[in-house]
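Colleague: Below, each chain spelled out in residue letters.
There are 2 protein chains.
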Amino acid sequence: MLSRDSGGVGSYRLDMTLAPATPAFLDRLAQAVPAVRIDPPSARWLEEPRGKWTGQAAAILRPSTVEDVSTILRMCNEAGIGVIPYGGGTGLVGGQLTSAEGVLVLSLDRMATIRASVPEDNMIEVEAGVTLQAVQQAAADAGRLFPLSIASEGTACIGGILGTNAGGTAVLRYGNARDLVLGIEAVLADGTIIRDLKRLRKDNTGYDLRHLLIGSEGTLGIITAASLRLLPRPAQRGTAFLAVDNPAGALSLLHKLHSELGEVITAFELMHRQGLDFLAEFFPNMAHPLENNPEWMVLVEVSAATGCADALQDALGAAFEDGLISDAVLAQSEAQRDALWAIRETIPEGNRMTGAIMSHDISVPLSQLADFVARGNELVRAIAPDARINCFGHVGDGNLHYNVFPAPGRNRAEYKELQDSIQRAVHDLTHELGGSVSAEHGVGRFKVGDLERYSDPGRLRAQRAIKAAMDPNGILNPGAVLSGVPLG
Amino acid sequence: MLSRDSGGVGSYRLDMTLAPATPAFLDRLAQAVPAVRIDPPSARWLEEPRGKWTGQAAAILRPSTVEDVSTILRMCNEAGIGVIPYGGGTGLVGGQLTSAEGVLVLSLDRMATIRASVPEDNMIEVEAGVTLQAVQQAAADAGRLFPLSIASEGTACIGGILGTNAGGTAVLRYGNARDLVLGIEAVLADGTIIRDLKRLRKDNTGYDLRHLLIGSEGTLGIITAASLRLLPRPAQRGTAFLAVDNPAGALSLLHKLHSELGEVITAFELMHRQGLDFLAEFFPNMAHPLENNPEWMVLVEVSAATGCADALQDALGAAFEDGLISDAVLAQSEAQRDALWAIRETIPEGNRMTGAIMSHDISVPLSQLADFVARGNELVRAIAPDARINCFGHVGDGNLHYNVFPAPGRNRAEYKELQDSIQRAVHDLTHELGGSVSAEHGVGRFKVGDLERYSDPGRLRAQRAIKAAMDPNGILNPGAVLSGVPLG
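Sequence order for the protein chains is A and B.
So for the first sequence, the UniProt record's numbering puts the first residue at 1; every next one is plus one.
So for the second sequence, the UniProt record's numbering puts the first residue at 1; every next one is plus one.
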C-alpha cells in the first residue's frame, strides 16, 4: 500500500473495510474537539526521511491533551476510520506512512510538555511529542542521565521512540527504550485512556500493558506520555577509537574488556573501512583518526563515577600486547571525544549520500556474528559481485547495520532487480543464525512480510489475537506490523 | 475460594462454567501423554509455605516436555478444566493454590534441565523447573553473573519467578526478573506453543509477548523455558551495615552514594530495630553487628571489577562526617559479609516465627517513602495501639515489607477483627502516595480485590480484554489476578 521509489520485500495490506475520513466527519470532529488543530496534509507529515516513500492522509490531527486523543480515537473507531500516529517522523520502516487514502494522521507534536522532573525519584514525566534530546537535556539539568542515544535524537520524539522501542548506542549498558520506562499514559482504539504513569521500579499488579504497547508501533494504542527512568550521571568517561583485525577480534576484545572492566562499558561500536571511505568522499574535512585506513575499527566508551578512563587505557595497553588491537587513539579532551563520535554518527549520512541498494538492521547472537559477516559477504557478492558492503553498528548487542551499495560510478537503480534477492539472502542467513531481521528499527510496513516469514507461528498467532482484542476494527496504524488481522 | 486460617481482604471468584477433571478425563489424558506423571494430590502441592492456606486439586500433572504441556492444555481447554501452574510453591499471595474442586495442578518440576549455557552469548537457557540457585551457580560456573536474588532462591523455580516477575535485593542495579529475560518458550491456553527463545539484546519484530506472559502469574500462558541474560561477574564487592537516623536519612545516604559511586550500588536494604529484636529472640546466637541497637539500619553492597570497596569506605567516611550515618561495620572478609547478609535474610524467618497480623508488600516513589512510614505507623497505631511494626526491605526500589505483629504476649488470632482495616489503611495510604500494593509478590488470589480497587479503570479493562482473548475459556490459573473475566 506504500508507494515506493524502489522495489523491495514486504506485503502491505490495508483491510478495505476501513472507511475514508470524509469532510463531514472532519466537521463533526472539529465540533467535538475544538482545541484540536486539523491541518490539510502536507509534505512535513507525508515524506519519509530518506525520500523513499510518500504517504497520504485526509487530514493531520494535532491534539494537545490526552482527552482529545481519546475523543478522536473513539469517533474514528465508531466510524471505522484508520489513524496513523505520528511522532518525529524519523522511522525507517514506513511505520508512519501509508498510501491508503482517507486515513487520518494523528500527530503528537502539540503534546510536548515535560510534566515533571523529579531527581529524588530518578524520574522524568514527559509527553509523547518531546524530543529525545530535550529529555536528555532535562535529565542533565536535574543532575541525572537519560542514557538512550540514537542518531535522530534531535528530531525523534518519545512517543515514536517508545512506539518502536528504539535502541541505539547505549543499549549494551542501559538497555533498549522499553527498559527505561517506568509507566505510560496511552489511549486505546475505543478511546479508553490508560493512566499508568507510575514512578516505581517495582509494581506487580497485573499484566504489563506498558511493555505490550511499547514496540507495538501504534497498532495497539497510542502512547501520549511516559514516566522515564533517570540514572546517576557518570562523572568520568573514557573513549577510544581502535583498529581490530576483524569482527571476531572485536568480540574477543569486548569479552576481555567486560572481564576486566565490568559493566562500565557504555558503547562498543564496530565500523568497516567502507563507511569511513564514504565519509572521506563526502566529508573531506573529517580526518581519519587512525593511520593506514584499517579494515575494521571499534569505538569504545566507558563511563563511571571515577577511575574508568585510566582503567580503559590500561586494559587497551594489555589488549595491544595481546594482539587484539593494532592501533588506538584515546580521546584526551571533550573535543577529541566529540570528533571520534562524530565519525561514528556521520556514517549513516555518508550511507544516505551514497544511496544504498538495500539496508538491513539485523541482530544475531554474539557467537554467530563473525560467521554472519563472512557468510553474508559471500552471499551478497554471489548476487551482486561489484557491490560494496558497509557493515557497522552496535556490535556489543549483536546488532549490525549491514548495508549494500553500488560499485563506484554506478547507481542503485541499476541494481533494482537484485534488491529482493539480496534482502532475502541476508534475512534468511540472519534467521538461520538465530537472529532478528529487525533489531531496532521495527517492522513498520516495510517488514510485514518478513515478520510473517520468519516469526514463530505460535507467536504470530498470539499477536493476531491480541491485535483483534485490542483493536477489533483495525483502525490503529492499519497495515503496520501485522497484515491479515481478523477484523471485526 | 481459598480456605484461609485467618480473615483478610480479597475476593476470589472462580467461574463455575469450568468443569471438574473427572477420572475418565484423567484416563484419556494418561493415554494421550503417557510420559506425563499423574500423581494424586498431596500436601507438597497444596500447602502454602507459611501454612496460611490449603488448596485442592483433582490430580497433579508432571510433564517433562513442552509438547506434553501443549497436549495437556489443549485437552483441558476443550473440556473446560482449570489448570494451576506450579513452580517451587514459594509464592506468598495464593497464586499457586485454589480451593476450587476439580482443577488440575500442572507442576513444572520435571522440566528442570539447563539446556544451554553460552558465556560468549552472555546467555543461559533453562527450563521452568530449574531453581534460581541452580541458575546462579551455572552462571558462576560459566564465569558470569545471574544477579537476581530472593530469599527463597533455593526452592523457587524459574517458571514461577518469571510468572510472578520476582524482585529481591538486586533490583536496584539489575532490574526485576523480567529485565533479565531474553526470550521465552511458553504454552497458551489452547495448546499453542510459543517458541521464542532468542539470545538477542535487540529484537523489534512485533509485540513483546515475553513481557506480557512474565508477571501474568500463569493466567495467560505457562512459561516452560527461558533464555536468561548473564552479566559480567564483579571481581570485587564491598558490604557495610550502617546505623541511620530514619528512612529519610537512609534515602539521603542513597542519593549521596549514587552521586559519588554511581551504579556500583547493588543492594541498599533498610531494616528496623523490630526485625533485629525478633532475631535476638529466636536466633540468640546471631550477634547484632552494631552497638546500642539503633532504630534504623541499612545494609549496602557495592560490586564492580575493581576499586569499589575502597570507594565505599571513603564515601561512608564522608557520610559519617556529614552526620548521615552514626555507626558502621564494613565487612573485612567473606565470612563477615555472609554474616551481615544473614541478618538481613533471616528477618523474614523471624517474622514468620513471630506470626504477623498482616503483611504488606508495597512500593512508593522514593520521595514519598519517609512520609509513608510515618503516616503508616500512625494509621496502624490508631487501629491496633499495641501492635508492633517491622518495616524493612528494598528501600532503593521504594519497596518496603511493612508487617504488623501482635504485642509481646499476645497472638495474632486476638487481632483477627482488625486485619482488614489494617490492610485497607496501609493500602489506601500506598495508593494515595502513588504506590503499588503489590511491589514484588504479585496479585495471586490474595490481592484480586486490591487490584480491582486500586487499578486504573482503563488498565483493568484492557487486562480483561487480553485475558478474554488469550484464554477465552478461563482455564489458566482461574481466580488469580483477575476476577469477573468475561468467559467464552
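These are computed hints drawn from the structure, not numbers from a lab.
Accuracy of the hints is not assured; some may be wrong.
Any copy, or any two copies together, can satisfy a pair, since identical chains are not distinguished.
Stated by the list, open to error - Below are the SDA-like pairs computed for lysine to any residue, each with C-alpha atoms no more than 25 angstroms apart in a straight line:
1) K256 - G143
2) K52 - P234
3) K256 - Q136
4) K256 - A235
5) K256 - T306
6) K256 - L379
7) K256 - P234
Since this is a predicted model, take the numbers as computed values, not measurements.
Colleague: All hints, please: hold or fail.
Modeller: Comparing the hints with the structure gives:
1. K256 - G143: between (32 angstroms within a copy, 12 angstroms between copies)
2. K52 - P234: So K52 and P234 fail the 25 angstroms test inside a copy (39 angstroms) and across (47 angstroms) alike.
3. K256 - Q136: between (31 angstroms within a copy, 22 angstroms between copies)
4. K256 - A235: both (24 angstroms within a copy, 14 angstroms between copies)
5. K256 - T306: both (20 angstroms within a copy, 15 angstroms between copies)
6. K256 - L379: Result: close neither inside a copy nor across copies, 31 angstroms intra and 55 angstroms inter.
7. K256 - P234: Result: close both inside a copy and across copies, 22 angstroms intra and 13 angstroms inter.
Comparing the model with each numbered hint stated earlier shows that hints 2, 6 do not hold.
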